[in-house]
Structure formats: structure tokens, C-alpha cells
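Trainee: Chain by chain, the residues run as shown.
Number of protein chains: 2
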Amino acid sequence: MKKTLIVGTVAYDEIETCKGSSGKILGGAGTYIALACSHFKIKASVVSVVGGDFESTHLELLKKKDIDINSIEVISNGKTFYWKGKYHKDWNKRDTLVTDLNVLADFNPKVSEDFAASEIVVLGNLHPAVQGAVLDQLVKTPDAIILDTMNFWMDSALEELLKIVKRVDVIVINDEEAVQLSGKESLFLAAEEILKLGPKYVVIKKGEHGSMLFGDEGFFVSPAFPIKEVIDPTGAGDTFAGGLAGYLSEQNEVNFENLKNGIIYGTIMASFCVESFGTSSMENLQKKEVFQRINAFKTFTSHSV
Amino acid sequence: MKKTLIVGTVAYDEIETCKGSSGKILGGAGTYIALACSHFKIKASVVSVVGGDFESTHLELLKKKDIDINSIEVISNGKTFYWKGKYHKDWNKRDTLVTDLNVLADFNPKVSEDFAASEIVVLGNLHPAVQGAVLDQLVKTPDAIILDTMNFWMDSALEELLKIVKRVDVIVINDEEAVQLSGKESLFLAAEEILKLGPKYVVIKKGEHGSMLFGDEGFFVSPAFPIKEVIDPTGAGDTFAGGLAGYLSEQNEVNFENLKNGIIYGTIMASFCVESFGTSSMENLQKKEVFQRINAFKTFTSHSV
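The listed protein sequences derive, respectively, from chains A and B. Just add 5 to the spot in the first sequence (first one is 1) and you have our numbering. Just add 5 to the spot in the second sequence (first one is 1) and you have our numbering.
Chain A extracted, bound-state conformation:
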């Protein structure tokens, strides 16, 4: 069984949307990526840090999903990273109300011996220096390093980010960020430009409008899985990356064809994620439901031109 190494935040979130307020709930990119990965036949480990306030039930939750939590460091006299945000009626816009870095401020990721030779590595959205510190601890070239990042790091740590971009195989980024990173207007041109920065593949997320994959072999366009009601989009991008990573970890090879299919699995995972506040739909997701949506996806994208 292949190994997947995930670095990302394990955190507490508080989310306000036009549909309601979440209260303080489990969140963090690492959590969402791991929960998505847990639906695949792989061994996944999360490298992260939490404070003494982090509830053991939340660690247990991940453990029950067969996620290795030995590399989630607990700093007993520190507090868990906390983020509070409010979404606009247009789900693509949100305001950050509070960001308490807490234990994340001095996060020094430690990759266990067991996972230093992982086949798939997912660098969840974090400071590029932390992502780099994880890469430095790998003892074997993985089949794929997948990078998720955001505009915040382009604004505040571009030089360090570009060094990481150069070292990865797949970059996952949203449409606005692709435009910002490339300085190009169309996503097509943006992807071409980003490919020049190092990665073999660029995945551009367009939220409800689906996603695109670009590589030397060409490109692939996938619609999103249409759902009737969005409750909370937090973690959708992380879940997408987790689904992609999980699918790739199950395959013999990382290639364009498998990335296409992985993107579809990521799409389906993300569609569940946004249907409830926080991680709750991902916690309760059944394999049967995933296959049902995969089949529905096949149906609504099939044509005979």
C-alpha cells in the first residue's frame, strides 16, 4: 500500500455564511486533505502542529479514518491555530475576521522515518518555508509532489514560493491566483507560464465552474459536480487536492491520464465538502456515495459528437 505524506494545518475554524454560523469547529488544510485521502486504499500521514487545547476526540477522529497522526505535534502550553471568516453571498468572496497563528507561528515540521519515503507528497497551503522544510526531509524522490498554495504567499513570500514551485510536480491553484502568479490574463496563457516555473502539471480550480489540467500532453477540462445548495465552501480546495492525491496514490503511475481521473475524484470529494459546515460531511461520507457521484459525473459529461 502506497504512502502519502500530507503537510498542512490542523486547526479550529469559525465560519459565518448567509446560511448560518458554525461555532468553533475542526478545520485546517491538513485535516481536509487527510479526510479526502482516507477514502482511498493508501497509508496517509499528516505532519502538523496543534496546541494543548486541541480536543483528543478530533485526533481520534483522524485516527479512526486510518490516518497516521504520529507527526501531529502537540504543544501542550500552546494554542491551536484559529481562523474566523465570513463568506459573502457570492461564495468566491470572503473576509478573514480573525487569524491567530498560535502554535503555527513556530511550526517546524518533522517528517517521520516511516513516511520520509512516501510515494505521494501533498504540500497543503502553508508558508513556503514550511513546505520546503518538509521536502528537505524526504529520503526518496516521490512519484509526485503536489503543491497547494494561495495568493497570500504570492503577496508575502513570493521568492520562497517560487523556489517551492520549482521543486514540485503538480501545482494546484485557483483561477485568480493563476492570473496573479503568471501575470497573464487568460487561464490558458497563465498555465503555459506557470509550467515554465517548474511543475510538470498545473491544475487550475475554478470553484463552481470546475477545473482545468495543463501539461505537456495537452489540457483537460472538468466541470464541477453541480449541487443544489452550498452550505460552506471552506476546505473545498483542500478536499479537491486530497481527492486528487488519494486517487494518484492508488495508481501505478503518475501521468496525464491518471491526473485527469484524479481531478474528477477531487471534484466529487469537494462537492460533498461544501454541502455542510466544516468537515462534517467529509467525516460521514460513505464509499457508496462517492461511487454514486462518480457515476452521475460520467453520465452528465458523456456525449457522442
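It is possible that some hints are incorrect.
Note that the list lumps identical chains together, so a pair holds whenever it fits in one copy or between two copies.
[What the hints assert, rightly or not] Below, computed lysine-lysine pairings styled on DSS-like, alpha-carbon distance capped at 27 Å:
hint	residue 1	residue 2
1	K189	K24
2	K145	K8
3	K69	K189
4	K98	K189
5	K189	K91
6	K8	K168
7	K233	K189
8	K201	K168
9	K168	K29
10	K205	K233
11	K69	K293
12	K8	K69
13	K171	K233
14	K89	K293
15	K201	K233
16	K189	K205
17	K98	K8
It is worth saying that the hints were derived from the structure and are not from the lab.
Starting from the known structure of chain A, fit chain B onto it as the hints suggest.
Mentor: Frame of chain A, contents of chain B only:
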């Protein structure tokens, strides 16, 4: 060979975009729909009205494409409908600078005997009363009546528009308009609501994000054909409807499967339309180029999940 009846404006446009200015050029929904239809093995006729200022070379252009122009009335002492608009950097936003209805103000559409029994009828974006006057002249139930409309008529002539919506088989509408017409937030719910108004099928256009088809048989999602540079989006929606209508006219039956494929042809036609100012790319489009993009579309939407 099946007959396709098109009603729509044949007009002069003047377009400003961040890429330049067009000057006064050939335009109008009827023109775009007809040009797209001309790529299929069908007999298409345009019902419209122009003024004495309308250049004969423009009528000749349509005639050379085997479009029947006998129902384009020429009012020698009148002036052709003229529209001037300016696009924002965000292509989805545009300002209308001038609208001179001219001969369109008293347009009384006359369907020729030859086309009153057409198999496919396309009601291009026009006052619903004019669209209704065309339907009243049909002597046979067509295989499909396709309606294109816009928010302008929802604001100014909703009651008349709803009467037309009830009489058509397929409504083609953009995402914002679907939300406005239905009063629902998500496109999924909007489509369900619009289906209740009468049409058997709802096609929602999302511009660069593709389109969706809804009917009793389920739904279908198509991405747009990604192009490197948009020069002028004018007429893209009309061209999409024209491609859909042209494809349907070539088929034995109007059903969900054929509508899916028709939407892909509409998508491909629209991708050419936006690559130049006005109608010029549609005027010069070769069959070979269409098939190349259809093949490319198949490639970049194929997957094996």
C-alpha cells in the same frame, strides 16, 4: 434537407473593447445565428428588416452562404438597427452606448410560405411580441422551437415573454438571466423552475465557463472551448444558439442526446465567433476548422474514471 427558420436582427454594430474599436460593422442576432447555421446541411431563412442604408454586399454575404434572404425586408426610406457598445475588461460586463431601433421599431415579421412549415425555428433575441408573431404564422408544429432571450425583456415585457416561453421547446438563456427569470439562486434550482414554465429543455450559457442542459432526462454539463485570446464576445450567444439549431436540423429527432451534441457544436461555433471583431471569423470559418475543434473538444473532455 430540413428547413430552419430564424427570426432575429440584421443590424449594424459598433464595438469597443480593451483590444480596440470595430468601427461600424455587420451584426445582429439573426446574422450570427444564420452564419452558424450555414455550416450545416440545411436550408435556413432569416426573417428580419433592414433600412435603405444596409449595404447590398452584406445581403450578398448571407446569400453566398446559402442563407435564404427573401424574408429580410428592406425599408428603403428607413435606417438599419444600430447598436454601439463598450465591453469592460471583464468580458461579462458591457455598457450600451447607443441603441437606434430605426426600422426595428415597427418590425412586423413576415414568414414566407416556403418556411412556414420549417422543422426547426429559432427565435433570436427580440421583443417577445415579434417572436410570437412568427410563431403565429407557422403552419406545422416544428420539431423544435428554440428561444433565445435576455434580461432586457424580463424587465420590460415579462408577461409577453412568459407567454412565448410557454410555447417553445428549448430556451437558451445565460446564468444571470436564469436566476432572474426563476427567482432561484442556484442554476440547478433555476432550471427546475424554468422547466415548469413550459419548455422541455433549458440551456444555460455560462460564457467562458461553458453551458448546462436540463430536461426530464437529467442534465448535461459542457465546458467552453478554451481559446487563447478573446477579441470581441458580441454574438457569441447567438452563434451558440445557431450552432445548436444547425446541428438539430441535421438530425432525425430532437432529443436529449442530440441536444447534448448540439450544445457542443454551439460551443465550438461560439469559440470561433469571439476570436475576431463582429462576424468576420464566422464569415471565413472553414468546415475543417470546425471538425478540428470538435476533435480537440473530444480529447480535452475525455476521461476514464
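Trainee: Which earlier hints can't be squared with this structure?
Mentor: 3, 9, 14, 17
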